[in-house]
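Engineer: Residue numbers (my numbering), protein chains in the order written: chain Y, 4 to 327; chain B, 5 to 347; chain E, 4 to 357.
Worth flagging that the hints you see were computed from the coordinates, not collected in a lab. Certain hints may be false.
Pairs of lysine-lysine, DSSO-like flavour, derived with a Cα cap of 30 Å [what the hints assert, rightly or not]:
no.: 1; chain 1: B; residue 1: Lys241; chain 2: B; residue 2: Lys201
no.: 2; chain 1: E; residue 1: Lys27; chain 2: E; residue 2: Lys202
no.: 3; chain 1: E; residue 1: Lys202; chain 2: B; residue 2: Lys336
no.: 4; chain 1: E; residue 1: Lys202; chain 2: B; residue 2: Lys335
no.: 5; chain 1: E; residue 1: Lys178; chain 2: E; residue 2: Lys202
no.: 6; chain 1: E; residue 1: Lys75; chain 2: E; residue 2: Lys320
Have a look at the derived ranges for each label pair, beta carbon to beta carbon [as the list claims (entries may be wrong)]:
no.: 7; chain 1: E; residue 1: Ala272; chain 2: B; residue 2: Gly37; range: 54 to 60 Å
no.: 8; chain 1: Y; residue 1: Ala317; chain 2: B; residue 2: Phe84; range: 35 to 41 Å
no.: 9; chain 1: E; residue 1: Asn89; chain 2: Y; residue 2: Gly79; range: 54 to 60 Å
no.: 10; chain 1: B; residue 1: Thr86; chain 2: E; residue 2: Ser54; range: 54 to 60 Å
no.: 11; chain 1: E; residue 1: Glu133; chain 2: B; residue 2: Ala334; range: 41 to 47 Å
no.: 12; chain 1: Y; residue 1: Ala135; chain 2: B; residue 2: Leu308; range: 48 to 54 Å
no.: 13; chain 1: E; residue 1: Asn153; chain 2: B; residue 2: Ser71; range: 34 to 40 Å
no.: 14; chain 1: E; residue 1: Val125; chain 2: Y; residue 2: Ala315; range: 43 to 49 Å
Reference listing, derived: stretches of chain B covered by chain Y, where coverage requires no fewer than 3 residues with Cβ under 8 Å from a Cβ of chain Y [what the hints assert, rightly or not]:
no.: 15; stretch: 96-109
no.: 16; stretch: 118-126
Note that the coordinates shown come from a computational prediction; the quantities given were computed from them, not determined experimentally. Positions of the beta carbon are idealized from the N, C-alpha and C atoms, including for glycine.
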Amino acid sequence: MGAFIIRRLFWAIFLFIVATIITYVIFFVIPSDPATIACGTHCTPPIIAHIRLSLHLNLPFYQQYWLFLWNMLRHGSLGYSFVNGASVRWIIGQAAPITGSLVAGGAVCWLALSIPVGVISALRPRSILDRAGMVFVLIGISAPVVWIGLILAYIFGFKLGWTPIATYCNFFPSHQIGVCSGPANWAYHLVLPWATFMLLFAALYVRLIRANVMETMSEDFVRTARAKGASSARVLFQHVLRNSMLPVVTILGMDIGLALGGAVFTETVFNLNGLGQTLISAASQENLPVVVGVVVFATVAVIIFNFLVDVAYAWLDPRIRLST
Amino acid sequence: MALLEVTDLVTRFRTDDGIVQAVSGVSFSLDRGQTLGVVGESGSGKSVTFLTVMGLVDPRHADVTGSVRFDGNELLGASFSTLRKIRGQRIGMIFQDPMTSLNPVKRIGWQLEEAVLIHNDVSRSEARRRSLEVLDEVEIPRADARIDDYPHQFSGGMRQRVMIAMALINQPDLLIADEPTTALDVTTQAQILRLMKKLQDEHGTAIVMITHDLGVVAELADDAAVMYGGRIVEEAKVQDLFAQPEMPYTWGLLGSLPRADITAARLEQIPGQPPSLLRPPNGCAFNPRCAYAFDRCRAELPELRPSPTSGEHRFRCHLDDADRLRIWTAKKAELTSTEGTAA
Amino acid sequence: MSELLAVEGLQKYFPVTRGLIFQKEVAQVKAVDGVDFTVNAGETLGVVGESGCGKSTMARCIARLLEPTAGKIVFDGRDITHLDRNAMRPIRRDMMMVFQDPYASLNARKRVGGIVGEPLEVHGIGTDEERKRRVQELLEIVGLNPEHYNRFPHEFSGGQRQRIGIARALAVNPKLIICDEPVSALDVSVQAQILNLLKDLQADFDLTYIFIAHDLNVVRHISDRVMVMYLGKPVETGSKEELYAEPKHPYSGALLSAVPIADPTLGRARRQIVLTGDVPSPINPPAACRFHPRCPRFVDGKCNVDEPLLTPVPGAKDHGYACHFPLEHWPMDEDDFRRVGGMVPATPAATSSE
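Given the sequences, and given the hints that come with them, work out the whole structure.
Structural biologist: Encoded structure:
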């Protein structure tokens, strides 16, 4: 296991460097002048020149990249926003919990929906529920996120008034008057974004789980369990589920990474100032440190998730755990 | 009273291409402590027959008619809970591929204990004690050290021993073994067959040995049934079947087998392929491949009838007694005369 | 008879690696570990052994589908051990393979005509029209309907697919065909068809076979000479008649004894020799004689110290074994089997199955 973790770590560093360098290169390939943007409307060439100097924009890109790496390793700093001078760490610290809540809650919701639906439609193929599930899957796959989000917001938020349409509330209660916070409010405000996520991913997962469960049901060891006299419930819970969840775990790890990216649209629709929103506005302002900061954060998050998936997989499957 | 009595068993599967009649009216009976060898090629219906007996064919895709009486109780149409009590408790079953027949993510001990706990109201430690005992009995070395291993940590032969242990842990009256040695090496096969014989002697378990290998039947069975196209085409005491087979398919099977005791320059081959169960031939299922088929064979299904020598030896063939005797005598001479004259 | 293939000291090791960034070799799977044999033109060499004995790896090395670790392969008078791809090309025409699983080894998306004609195409033989005619001729030779030229492999049964595989191997008139378990996936009646077909083809086209199988009876039926392998090494080689009539190596004896006999009287009369345990892993195989941990005739201080070499049987034409304590006679019952070296009472009563 130790060797496995170290090998993973080398990969992570490699991945991290590649991702950040690519971000830097893209910025230098696109003709842009962040100094002008940072300067605002009342600018003179000398001020711009001064800003350029202070932001190290005069240096070639590999030196800028080196500075970025140095600052990160030496000071744990991701730099400062070109636009308002705020620390990138602080900006990400504000945005990350929002995206994290969105993705984590979304994942819980889509699994909570797709596991039972997938399993039931696998057990009763061609039944009404199975067919209804397939329709639902098709809608989920073919509809764009923004559209689903807007429809949900319109029906449940605007027409029915059941849920809030926008904004985010902190999970941890705050004592400031007038600030929306606390777990209940947090969840209440995230209901629609989670539902959007759920519809989007549950569709794929129902299909995936249905296929895996059906495949596992036809395995020889399931026949063995039946021949032993196991009840249907025992066959399902003790023999089928764990085996059929193995591929799901792998896909889940990849999808959490994807979801971080997919969160952009959901955040836009529901006006949540998460990482996606932050990234989009930073990119449009050519705010390199913030963009790189988000890239760094997302890379680390994806690496951690993949690692967790590997651990979970090894835990679930003794053939992986006990090889070598 | 016979332990297992199957009468007119028919299993039809509904598929997208049409009805597949995998088993077409199979009848046989098996007494306590006896071994029935069921021989057939792929698609002969030998495995489906016994999956049907166990109630393991999916009723959503299969129609079953006939009668399966086990120890006097009718199993066809019995409630799921009745069947569950018989499976694993009174009838154990082992399968061809020990690699895939054990749950890969559960420990061997857990899988054995499960078999005990499903049928007995005992503690887990008692179940574990019985599991260790039965692992010893199937000659797994250092059973106490290996009981908490996973299936992939065992070799193929050891896994099949575990399967046998699991099937026998509740001391069933009947063990159904579906090609138990086909996936194993020759020396391992010999070990497993010897083990099955030993366990049968000790516990008096009746065994159904489903196999494609006539050699396995010859070594192990008391009675033998040859299946073709979903029907039993010949059944007899095993000595009689090999000494005086009564119909062309059995002749062909015996002739097509390369043997250790006979050197043939050329194997007898049965031309063509086993029949499609989706569109079975009219009359005798073997007629398109049979060298002796005549008009009646193509029109009329031969009944299972007793041989001239023994009432227990029954077969399906329209050829009359004199012809069959003449053909078999010639064949037998041919088989033995080529001995030592390999080209 | 001329020698078509000579293999000397053939070894194939697969590395087992472990390491962080730099993979370090920690062990080797000694799949094939020192095999010598020759095959004469027109004969069939049967190679028999259980899983893990290296018979398939050996076949792939000879066909140069795998790079041998060491050793020498001389085919038709030419050392082909280290020939590169281009130099191998013309030689591949003379050396074809037939595999076990006829379905997996045929491209499911190609039509039968394309599959059988592929070697012709690869070697640039004939025009399209000529190739088509040749393929139809080949289909006829192997007993398939030439009109099925345009069908896909899934439309055929297992035995017919194996015929397609054989037709493909025949397409370029090879000298040697290496058959790797060609009948083990087939039903008995179909197996006999394929074995007969292979025999007929050998007679008609002067073919030489290396026939690999785990079934001793099948090997005995088709072969002229037989090599028994255990954990990467030959333990006994000989003409079929000599080896089957009087096996010398305890492993060969145990294998022969383990095969079920399709005759209840004969089968039950003999006293079978049943080995204990399983074939050990080819990673770090047992020292000296690799069979010693399972051998009923094991002598401590000899078999686990001193590796037996392939020794010719005195007086035999073509029979050799690698054992310090060869079987004195055959058949043999289990008690005799355990008794080693001269301690056997040479009375006929000791043999049980006669």
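Engineer: With respect to the beta-carbon atoms only, verify the hint that Ala317 of chain Y and Phe84 of chain B lie 35 to 41 Å apart.
Structural biologist: holds (37 Å)
Engineer: Starting from the range 48 to 54 Å, see whether the pair Ala135 of chain Y and Leu308 of chain B falls in it by beta-carbon distance.
Structural biologist: holds (50 Å)
Engineer: State, for the Cβ atoms of Thr86 of chain B and Ser54 of chain E, whether the hinted interval 54 to 60 Å holds or is violated.
Structural biologist: violated (42 Å)
Engineer: If you count the residues of the stretch 118-126 of chain B with a beta-carbon closer than 8 Å to a beta-carbon of chain Y, do you get 3 or more?
Structural biologist: holds (count 4)
Engineer: Take a quick look at whether Lys241 of chain B and Lys201 of chain B sit within 30 Å of each other, Cα to Cα.
Structural biologist: Satisfied, since the Cα-Cα distance of roughly 18 Å is no more than 30 Å.
Engineer: Between the alpha carbons of Lys27 of chain E and Lys202 of chain E, is the straight-line distance 30 Å or under?
Structural biologist: Violated: Lys27 of chain E and Lys202 of chain E sit about 48 Å apart, past 30 Å.
Engineer: What's the verdict on Lys202 of chain E and Lys335 of chain B, does the C-alpha distance respect the 30 Å limit or exceed it?
Structural biologist: Satisfied, since the Cα-Cα distance of roughly 21 Å is no more than 30 Å.
Engineer: Using the C-beta atoms of Ala272 of chain E and Gly37 of chain B, is the stated range 54 to 60 Å upheld?
Structural biologist: Since the Cβ atoms of Ala272 of chain E and Gly37 of chain B sit about 22 Å apart, the hinted range of 54 to 60 Å is violated.
Engineer: The hint says 41 to 47 Å between Glu133 of chain E and Ala334 of chain B; measuring C-beta to C-beta, is that right?
Structural biologist: holds (46 Å)
Engineer: Could you grab the alpha-carbon distance between Lys75 of chain E and Lys320 of chain E and see if it respects the 30 Å cut-off?
Structural biologist: Given pair Lys75 of chain E, Lys320 of chain E holds - Cα atoms ~25 Å apart, limit 30 Å.
Engineer: Is the Cα-Cα distance between Lys202 of chain E and Lys336 of chain B 30 Å or less?
Structural biologist: holds (23 Å)
Engineer: Does the Cβ-Cβ separation between Val125 of chain E and Ala315 of chain Y fall within 43 to 49 Å?
Structural biologist: Roughly 47 Å apart at Cβ, these two residues keep to the hinted range, so it holds.
Hint compliance for this structure: hints 2, 7, 10, 13 are not met, and every other hint is.
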